[in-house]
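**Q** Chain order of the listed sequences is A and B. Going by this note's numbering, the first residue of the first sequence is number 1, and it counts up by one from there. Going by this note's numbering, the first residue of the second sequence is number 1, and it counts up by one from there.
Hints are computed from structural coordinates only; laboratory data are not their basis. Check the hints yourself; a few may be wrong.
[To be verified] One-sided excerpt, in silico: chain A residues whose CB lies under 8 Å from chain B: (1) Ala-34; (2) Gly-68; (3) Leu-70; (4) His-86.
Ideal Cβ positions, reconstructed from N, Cα and C, are used throughout, including at glycine.
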Amino acid sequence: MSAALGGAVVPLGARYRLLAPARPYRDAVLRYLAGLDAEPPQDGAAPKLRELRQAAGGRVAIAFEDGGLLQWLDAWQNAILPADFHALEKLRPARRRARGIFAALGHDPDVLAGRPVGGLSLLESRLVGFVKAMLMEADLLVLDGLHERLGPEEQQQVSGWIRLFRDRYPLRRLLYVGLHEEPAVAEFDDLRDDLRRA
Amino acid sequence: MSYLALARDVSLNLGALARPPVRDVLVRQIERTGAATLSAMVLRAAGIGTLIIAYTTYVLAADAALAVRILVWAVLREIGPLFAVVMLVLRSGSAVAAEFALMRERGELQRLAMMGIGVRDYVVVPTVVAMALSNVVVTFYFQFLAVGGGILLSALMMDVSLDELTEHFFALASLWDVVYTLVKSAGFGVLVGLVVSMHGLGLGARKPVALPEAVSRSVMQSLVAVMAFNAVFAYLVFGVLLFGIVRAP
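Generate coordinates for the entire structure from the input sequences, incorporating the hints supplied.
**A** Printed below as a string of structure tokens:
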């Protein structure tokens, strides 16, 4: 199954990677996909980014490279914030789902409760940010350079998170936006190559 | 964005408080603003009450009835709400503005927006409501301490009986004073909340300023806004402005 939009096709379950030349470009891509900007950065990737955003229909979540965490909340509150904010249910079901995801990723959610964000390592911040993005049940998950600035073992852990996401949600799309070529996401289709083929 | 536009947005989006994370922020801001101000209040409030009674009794040679009358007028209607809001601005408003400016500089506001969480709903609405509620509580607390402490200390230190002072107080104070205090202190709190949000978060039309300037502007403009509101409120309620220089027709 795939989403056909204006003649373009964005397959369900597609995985893309996009090499950003600089941080401002990456920020612009994230802002566009999040719906804050009307237009993507004007280069060869722009048409495909438009298709991705249209195909996701506004249901886009971003796993930020620094977790995108708020300092005034603890790690656990950060993890459930967007899902909790958008849910409106009084029972706050995001808490239960978050516990399940943390457990599936091999982490004890109780350790995060009350833990200040400033005391988290880079990997832990990314983990909280990744769980936060997973909880949003988005059609497009954007991975913001999650492998960057990590050692080989930590990169393997991050790859494990992505595998878990794909196993749980095989039909959802993934886009990895990074500043460097990452071997861990080499199997993802290059967004620009995909565009050239089209 | 102007203050009026922000005030309108906040009033139209009070429904955001139904969201659990927004309520969490509300509780957090009440704890920070209310508790921080209350703890600094006790001695100052009792001292002001005592000073007013002592001054009117000794310097103006007034009797107990007049001393209590001046205490009621000054503390319940003017000094109480003003002193409370000044404490709120200096102790909590500056801290909140600094925290907001830091959030902006760390890029947290943009991240919130990227997660589909509006800054106005998640940050501004609970802050303004928290400031209003906290200031009402702090004002009543100040009035209680100033009047109660003032009457008690005056009875202990001066040649005036506690019964006499208490009797005069209850004869003079009315429900109107409570309503007046409630509306005025809530208005003060709303103003402070709007000003610190505007400058801390950089919501104004001008380019956002750095943290120190955001704090400085928040404090100064909060105080100016409070004084202006106080004057307008007095004119609307009593028909008097600028100590009687301007009177309602």
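**Q** Which of the listed hints are broken here?
**A** The structure breaks none of the hints.
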